[in-house]
Amino acid sequence: MANTKRIEKRLQKVEDWAKAFEKETGPRQTMENMNWLVGQTRLLGERLQQSEGGVQELQNALNSNSQVLNQFLEQHDMVRDWQMFLEGLQAEAQQEDENNAVQESGSEEMDAQEQTDDGEGMGEGASEGDQDTEESQEEAIKEE
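Residue numbers for the sequence shown follow numbering that gives the first Met the number 0, so the first one is 0 and each next one is one higher.
In short, the hints are calculated from the structure, not lab data.
Be a bit skeptical, because a hint or two may be false.
Unchecked claim - No more than 20 Å apart at the CA atoms, straight line, and that leaves these computed lysine to aspartate or glutamate pairs for DMTMM-like:
| # | residue 1 | residue 2 |
| --- | --- | --- |
| 1 | K18 | E31 |
| 2 | K4 | D15 |
| 3 | K18 | E7 |
| 4 | K4 | E14 |
| 5 | K12 | E23 |
Work out the full structure: start from the sequences and follow the hints.
Take a look at the structure:
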């Protein structure tokens with residue numbers, strides 16, 4: 000009995016929720032959603048305008064700094080040195096780009112392992128190196 004009453008209460012809650020959901024759908028809810036979306040679009044537009052203003056301020060600062068630098072270089076007769084410095088930086092950047100570039104494989108391929116010749120010179124017994132070692136040991140014993 001108690002279980003049946005609990006199930007009935009839960010079912011009633013679900014039915015109430017479904018009715019409330021149905022009330023929230025329709026033209027009124029659609030208008031609320033549209034108003035919210037319009038508000039969000041306005042906020043995004045304001046943020047975009049602020050960002051564009053910041054970019055413009057940075058561009059103006061860069062132009063101002065460039066003019067000051069050019070005036071300084073001209074007054075101190077350093078324009079040629081500055082241009083040489085910039086050319087050096089460009090050359091370094093190009094060299095780095097070339098080093099980092101992906102190299103294409105050529106059409107000719109090398110074998111990963113080359114065949115070795117048979118050891119014809121080696122026979123049974125001691126090799127020349129072994130004989131040299133034995134001779135040097137015999138000479139050392141004679142000297143003692």
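Task: Broken hints, by number - done: As far as the earlier hints go, not one is violated by this structure.
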